[in-house]
Amino acid sequence: MSTTSTSRPGDVAAPAAAEGRTAPSIARRALDFSMDQAVWILLVLAIVIMGIFKPSFYSFGILSNILVQATVLGILAIAISMVILLGDINLATVGTAGFSALLGVMAMKAGLPVPLAIGLILVVGSLIGLLNGLIVTKLRANALIATLAMNMVLQGALLAITGGKSITSLPATYKFVSQGKIGGFPALPIVLIVVFAVFYIIWERTRFGRGLFAVGGNQRGAYIAGIDVDRVKIGAYVVSGLLSGLAGWLLSGYMGAVTSSFGTTYEMQVIAAAVIGGVSLTGGRGNMIGVLAGTLLLTVIQVGLAVLGIQSTLITLAGGLMIFVAVLIDASRNLYNSRT
Amino acid sequence: MTDALLQVRGVSKVFGATRALSDANLTIHPGEIHSLLGRNGAGKSTLVNIIAGIYPPTTGDVLFEGQDLRPLNIFARQELGIRLVPQHENSFPDLTVAENIFSGVLPTRRGLVDWKRINHDAAEELAAYGLHVDPRTPVRELSSIDARKLNIIRAMHSGAKLIILDEPTTALTNRERAELFEFVRDLKAMGTAFIFISHYLGEVLELSDAISVLRDGRMYPVDDIEAVSEAHLASLVAGEEVELSRRRPDEAPPEGADFLRAVDLHSKDLQGVSLSVRRGEILGVIGFPGSGAREFCRTLFGIERLTSGTILADGQELHLASPAEAIRHGIAYISYDRHREGIMPTFDVNENIGISSYAGKLRRAGGFIDLALRRSLADSYRDALKIRCNSVDDDITSLSGGNQQKVIVSRLLNTDPRLLILDEPTVGIDIKSREEIIATVLELTRTGMSTIYLTNDYEELLRVADRLVFFDDGRVVSVLENKGITIDQLTAIRDRAKEAA
Chain A
157 MSTTSTSRPG DVAAPAAAEG RTAPSIARRA LDFSMDQAVW ILLVLAIVIM
207 GIFKPSFYSF GILSNILVQA TVLGILAIAI SMVILLGDIN LATVGTAGFS
257 ALLGVMAMKA GLPVPLAIGL ILVVGSLIGL LNGLIVTKLR ANALIATLAM
307 NMVLQGALLA ITGGKSITSL PATYKFVSQG KIGGFPALPI VLIVVFAVFY
357 IIWERTRFGR GLFAVGGNQR GAYIAGIDVD RVKIGAYVVS GLLSGLAGWL
407 LSGYMGAVTS SFGTTYEMQV IAAAVIGGVS LTGGRGNMIG VLAGTLLLTV
457 IQVGLAVLGI QSTLITLAGG LMIFVAVLID ASRNLYNSRT
Chain B
933 MTDALLQVRG VSKVFGATRA LSDANLTIHP GEIHSLLGRN GAGKSTLVNI
983 IAGIYPPTTG DVLFEGQDLR PLNIFARQEL GIRLVPQHEN SFPDLTVAEN
1033 IFSGVLPTRR GLVDWKRINH DAAEELAAYG LHVDPRTPVR ELSSIDARKL
1083 NIIRAMHSGA KLIILDEPTT ALTNRERAEL FEFVRDLKAM GTAFIFISHY
1133 LGEVLELSDA ISVLRDGRMY PVDDIEAVSE AHLASLVAGE EVELSRRRPD
1183 EAPPEGADFL RAVDLHSKDL QGVSLSVRRG EILGVIGFPG SGAREFCRTL
1233 FGIERLTSGT ILADGQELHL ASPAEAIRHG IAYISYDRHR EGIMPTFDVN
1283 ENIGISSYAG KLRRAGGFID LALRRSLADS YRDALKIRCN SVDDDITSLS
1333 GGNQQKVIVS RLLNTDPRLL ILDEPTVGID IKSREEIIAT VLELTRTGMS
1383 TIYLTNDYEE LLRVADRLVF FDDGRVVSVL ENKGITIDQL TAIRDRAKEA
1433 A
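Chains as they are written, first to last, in my numbering: chain A, 157 to 496; chain B, 933 to 1433.
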């Protein structure tokens, strides 16, 4: 009774070799590709459209200006991406940039040598990041509120200390990287390229970088897999602060001043650049190439609008619309990736 | 024979380029329990989702009491009496039992919710179906078995004639499973029909009136379930004969060669546990939820904190404050919760295998990871454990549950553990993957790796364990050599420990 020969289900015909998954169709692959590369496609489109309306857009002056403008935004976008990757947010990047640049410049005015002043800016940025990181990890505070408050404190302090006035007449050595040229080409974009290259490597090939992705993808799982979650998070905030400080130095050097509303034009664009560039707000997904593309796209649009002669009163509206576009692109990409 | 309640005729389903279901046929009569048996991805979910109206079939039709279901959506089908009870409890955990039963349609009195009547009616309904809980209890506080019964009662309350149970026994103890089956049989006697989805052959044979095996989207009806053997069913499910891995009696390691010694461990959940694990041994751990069995395992991996006690590995005292430290000391743990504490959903297979070795053998100077070594190790685990994927670049989420679990096993073996702790390693995975994982573990214990094996699948446990440890109330109550012990003896010891306490 119990031998297999008496049980009869064997008489069911064996199925023909099961039809496995066939290769996806060309249309499907094209859609996959354009979803992955949406930002680069938009960037090319934006450049082409600008050129159609204003052929002078393709001049060396304007194109190099785009790269110069993209540098500060790009560094701030990486700064915020470090934290967005975790599934957290750091709203204090611009405030950190302004406050640390202020302290550096004031110390310089008080007699601190330029290289040390620049170092001080980076250290102050990192320390603010460390404070953010400790508040978020050790006190388990909500990152959104904690960094929002931090940003208000820093910007408020900037306003209070400067008394609404700008600090100007900075020494040429301080402004060298921001305003200098190497063989007729501005030096600033070189910083952009170097920083992107370094962080590309950090994100893809280092323990810290992969830890960021792991924590953002599944924090509990990362802990169980042996990742030191708190250390990764604090590290991310410190690096975020360091990069904010770097952006603060470069921007103050570029403007030749620390103003009371330092960097506030970047506030909206920073998140937009990161998210348009594919850094998912839910954490765990993103790549440096995408952040670069998002940065360039926003800069092209902004410079383009200026070149086309759009009124400055419309800039806020344009900024708001950009964030909307960012959110819609992120949402549709998530929808597309979670299909089936 | 009564008229058919449900008829599925020639149903196929194609998703993009994947044929998920081919020419499925199924007939269910009132009061019948029909089991669908198959591996993950075999088409079970596709079939029941088509029956429930979650998506339409590509071809074929579905009749319920002779009525063509095609024009009806999921809600219209619920009205007719088709209810899908999902694997994960999806009732409202903060609402009471009564509110869950009446979900959505609370009776009112003068415009206000009539609590008196709700609780009264719910109590009657609970008593009628044999679930003895207070209707005012928040669902969060129910045991998992009671929560599962409640889901079925919710379906009955809304007039279900056909209830689809999607892997309802996952994470239940044997006793709870028996209790659930009794509950289902009572409802069956009232004329309710069930579709029962399961990975486990034994329980399917125990409960079913009819069985259909699904494999690669095709259905294989089992004609005579009285005569069919478990081995034959297993081969139908797997598509080939599955060889059950088991420990040979002569393989048990000698006494005295301890790798790990735990001395008088105290914590929130442990009340003085002393236990040793021999080198190369498979130590089976048995205990009800909260008995300390799982807590002991998790303490050894640094997830839970000790208040006092000593853990020694090779005579050296360990201070395990985190999983990272446990891994560094050669201790690896595979969690029962694969989704929360296992897979990294944004990573590919390659990185899911490598992640726990970043501070270990993949570590390079300057914080770098050895990507080439990560890749070659991932490829070798893929071959060794037969992980089914196109390449290790595939997303982990594209793999079946069984293959995901093999990836997790690979991840922890990649840390070169001297002690591997397996916490329900085979829950919710297919038979073939299960045997491949067990065979790998057996193989590694021969090279001296110790293993702690915690599972409620006692058939599986008795096949592989060298010794059995029974936990209750935060204490070790019994330690036995696994020599000729039957499942009945095992459960008797377990229950006696519970009753004595």
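Just so you know, the hints here were simulated from the structure itself, not pulled from any lab data. Cβ atoms here follow ideal geometry from the backbone N, Cα and C, with glycine treated the same way. Fair warning: there could be bad hints in the mix.
[Claimed, not checked] With a straight-line cut-off of 25 Å between C-alpha atoms, the simulated SDA-like cross-links for lysine to any residue are:
1) B/Lys-1415 x B/Leu-1374
2) B/Lys-1293 x A/Thr-329
3) A/Lys-265 x A/Arg-361
4) B/Lys-1293 x A/Lys-265
5) B/Lys-1293 x A/Val-385
6) B/Lys-1415 x B/Gly-1134
7) B/Lys-1293 x A/Asp-384
[Claimed, not checked] Short derived list, chain B residues pointing at chain A, Cβ under 7 Å:
8) Ala-1189
9) Gln-1248
10) Leu-1250
11) His-1251
12) Ala-1253
13) Ile-1259
14) Tyr-1290
15) Gly-1299
Right, here's what the structure says about each hint:
| no. | hint | in the structure |
| --- | --- | --- |
| 1 | B/Lys-1415 x B/Leu-1374 | holds, 17 Å |
| 2 | B/Lys-1293 x A/Thr-329 | violated, 46 Å |
| 3 | A/Lys-265 x A/Arg-361 | violated, 41 Å |
| 4 | B/Lys-1293 x A/Lys-265 | violated, 50 Å |
| 5 | B/Lys-1293 x A/Val-385 | holds, 20 Å |
| 6 | B/Lys-1415 x B/Gly-1134 | holds, 23 Å |
| 7 | B/Lys-1293 x A/Asp-384 | holds, 17 Å |
| 8 | Ala-1189 | violated, 27 Å |
| 9 | Gln-1248 | violated, 20 Å |
| 10 | Leu-1250 | violated, 15 Å |
| 11 | His-1251 | violated, 15 Å |
| 12 | Ala-1253 | violated, 11 Å |
| 13 | Ile-1259 | holds, 4 Å |
| 14 | Tyr-1290 | holds, 5 Å |
| 15 | Gly-1299 | holds, 5 Å |
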